[in-house]
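Given these sequences and hints, build the entire structure.
Per our numbering, the sequence shown starts with residue 216, numbered consecutively.
Think of the hints as simulated: they come from the structure by calculation, not from any bench.
Values in this document were obtained by computation on a predicted structure and should not be read as measured data.
Check the hints yourself; a few may be wrong.
Under the rule of at most 20 Å between Cα atoms (straight-line distance), these lysine-lysine pairs were calculated in the PhoX-like manner [unchecked claim]:
id, residue 1, residue 2
1, K305, K245
2, K264, K307
3, K305, K264
4, K285, K307
Distance windows between CB atoms, simulated [as the list claims (entries may be wrong)]:
id, residue 1, residue 2, range
5, Y313, K273, 18 to 28 Å
6, E311, L275, 26 to 36 Å
7, L268, K307, 13 to 23 Å
8, I314, I271, 36 to 46 Å
9, L244, R308, 12 to 22 Å
Ideal placement from N, C-alpha and C gives every residue a C-beta, glycine not left out.
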Amino acid sequence: MSKTLYNIDKENLDRILDFFDWELYQQILKVLEDSEKDPHYSAVNARNKIMWLIRIKKDLKEPLPYDDCKGYFSNNVFLEPEDYELFEKKRKRESEYYIGEQF
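Right, dumping it as structure tokens:
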């Protein structure tokens, strides 16, 4: 059984990251389907989560086929280029009033 920093079981960490990635994908779908006039799901928060996932994978020295939000979308077989464009449009609009850290 391989261990990572903090003596964490790598298999369990991988399971958590896979679950996190699935939940993130679900959040992205909600953002994409959300009302533009009265949104209930945060595109900024979803982007932050994408960047956290990338950082963690890099910290673990695991290769990723992407290194930014656009790459995450491009690498996801369920998402189309126009999905990324819509996501970014919503994120930029929301970022004007979002309180908190933004990546």
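Hints versus structure:
no.	hint	verdict
1	K305 - K245	holds (12 Å)
2	K264 - K307	holds (16 Å)
3	K305 - K264	holds (16 Å)
4	K285 - K307	holds (14 Å)
5	Y313 - K273: 18 to 28 Å	holds (25 Å)
6	E311 - L275: 26 to 36 Å	holds (34 Å)
7	L268 - K307: 13 to 23 Å	holds (21 Å)
8	I314 - I271: 36 to 46 Å	violated (24 Å)
9	L244 - R308: 12 to 22 Å	holds (18 Å)
Hint 8 alone, counting from the list given before, is not met by this structure.
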